[in-house]
Structures are given as structure tokens and as C-alpha cells.
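Asker: Required output: the full structure, derived from the provided sequences and hints.
Taken in order, the sequence shown gives residues 12 to 137; the numbers are from my numbering.
Just so you know, the hints here were simulated from the structure itself, not pulled from any lab data. Fair warning: there could be bad hints in the mix.
Said to hold, decoys possible - Simulated crosslink set (SDA-like; lysine to any residue; CA at most 20 Å straight-line):
1. K80 with L98
2. K80 with L107
3. K80 with T32
4. K80 with L95
5. K61 with I111
6. K74 with L110
7. K116 with S105
8. K80 with D102
9. K74 with K116
10. K61 with S86
11. K64 with P22
12. K34 with G73
13. K64 with I17
14. K54 with S105
What the hints assert, rightly or not - Quick list of simulated restraints, FRET-style, between CB atoms:
15. N113 with L20: 17 to 23 Å
16. N106 with R21: 26 to 32 Å
17. K61 with N117: 16 to 22 Å
18. D85 with L108: 26 to 32 Å
19. K34 with N106: 18 to 24 Å
20. I81 with L108: 27 to 33 Å
All C-beta atoms, glycine included, are put in the ideal place defined by N, C-alpha and C.
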Amino acid sequence: AKKADIVLLRPGERTIFVIETKKIANNGRLTYNISPFSLDVIKQAKGYAKELKTDYYATFNGKYFVAFKIIQPDSDFDEPIISLEILNFTDFCSNLLKLISNIIKNQIKPIQYEDLYSNLLKSYLD
Numbered sequence: 012a013k014k015a016d017i018v019l020l021r022p023g024e025r026t027i028f029v030i031e032t033k034k035i036a037n038n039g040r041l042t043y044n045i046s047p048f049s050l051d052v053i054k055q056a057k058g059y060a061k062e063l064k065t066d067y068y069a070t071f072n073g074k075y076f077v078a079f080k081i082i083q084p085d086s087d088f089d090e091p092i093i094s095l096e097i098l099n100f101t102d103f104c105s106n107l108l109k110l111i112s113n114i115i116k117n118q119i120k121p122i123q124y125e126d127l128y129s130n131l132l133k134s135y136l137d
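Answerer: Here is the structure:
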């Protein structure tokens with residue numbers, strides 16, 4: 012059986028966040044099947060979140076991070092909470108737990124759809 016790539020747990024082993032990661036191909040080109048905006052990737056991450064009984068999940072390919080909250084359990088995906096282009100991977104990793112904490116505490120401002128679509132388009136042009 013497949014398993015989630017990254018699972019963040021609270022004390023007592025309760026899952027709070029699931030991250031599905033994808034790797035960019037060796038030639039450096041982003042392909043649809045590993046895009047964090049891909050419906051297949053989002054469905055996979057959401058499936059793991061539901062299986063592990065958490066409302067929060069994200070997709071990530073090293074360049075883009077997209078986080079979601081399950082609003083409609085029976086749909087294939089939910090609207091993103093946040094979409095980030097990762098400019099400095101080390102800084103992103105250093106701040107990831109704080110970012111996830113802010114997402115769960117609803118301290119992230121609502122996503123600006125022009126930012127989401129800008130990141131989506133850029134992900135296919137890279």
C-alpha cells in the first residue's frame with residue numbers, strides 16, 4: 012500500500028498535516044504529473060489526509076508548495092489555502108513548521124487567486 016510522504020504528528024501520534032511530495036524530472040522540466048497543481052497529485056494527498064484523519068494536506072515539488080483544508084470530504088480536491096513559490100529551499104524548510112502552525116490556526120490570509128494562477132502558469136513555463 013502507498014503511504015504519505017511526510018506526516019506531521021502531534022504528541023500521542025495524532026496526524027495534523029500530510030504533505031505529498033513529487034520530484035522534478037532530471038532534465039529540470041516540470042511535468043504535469045508532478046505538479047502540485049495536478050488534480051491527480053491533489054487527490055492523492057487528500058486521500059492520505061482522509062485516511063490519516065486530518066483536515067490539512069499539501070502538495071510540494073521542491074519549487075511550489077500548495078496547502079489545502081478538507082471542506083468537502085467527497086470531492087476530489089478543495090480550494091487551496093495558500094500557494095507558494097519556493098525561492099530559497101533552506102529558508103522554506105526552516106519556516107515550514109511555523110507555516111503549517113499558522114495554517115492550522117487559520118492565521119493565513121485568504122489566498123489571492125491571481126497569485127495562485129500566476130504560480131500555476133509559472134510552474135508550467137519553468
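Asker: For every hint, state whether the structure bears it out.
Answerer: Hints and how they fare:
| no. | hint | verdict |
| --- | --- | --- |
| 1 | K80 with L98 | violated (24 Å) |
| 2 | K80 with L107 | holds (16 Å) |
| 3 | K80 with T32 | holds (17 Å) |
| 4 | K80 with L95 | holds (16 Å) |
| 5 | K61 with I111 | holds (17 Å) |
| 6 | K74 with L110 | holds (16 Å) |
| 7 | K116 with S105 | holds (19 Å) |
| 8 | K80 with D102 | violated (24 Å) |
| 9 | K74 with K116 | violated (25 Å) |
| 10 | K61 with S86 | holds (12 Å) |
| 11 | K64 with P22 | holds (15 Å) |
| 12 | K34 with G73 | holds (7 Å) |
| 13 | K64 with I17 | holds (14 Å) |
| 14 | K54 with S105 | violated (27 Å) |
| 15 | N113 with L20: 17 to 23 Å | holds (18 Å) |
| 16 | N106 with R21: 26 to 32 Å | violated (19 Å) |
| 17 | K61 with N117: 16 to 22 Å | holds (20 Å) |
| 18 | D85 with L108: 26 to 32 Å | holds (30 Å) |
| 19 | K34 with N106: 18 to 24 Å | holds (22 Å) |
| 20 | I81 with L108: 27 to 33 Å | violated (20 Å) |
In terms of the numbered hints stated before, the structure departs from hints 1, 8, 9, 14, 16, 20, listed from lowest to highest.
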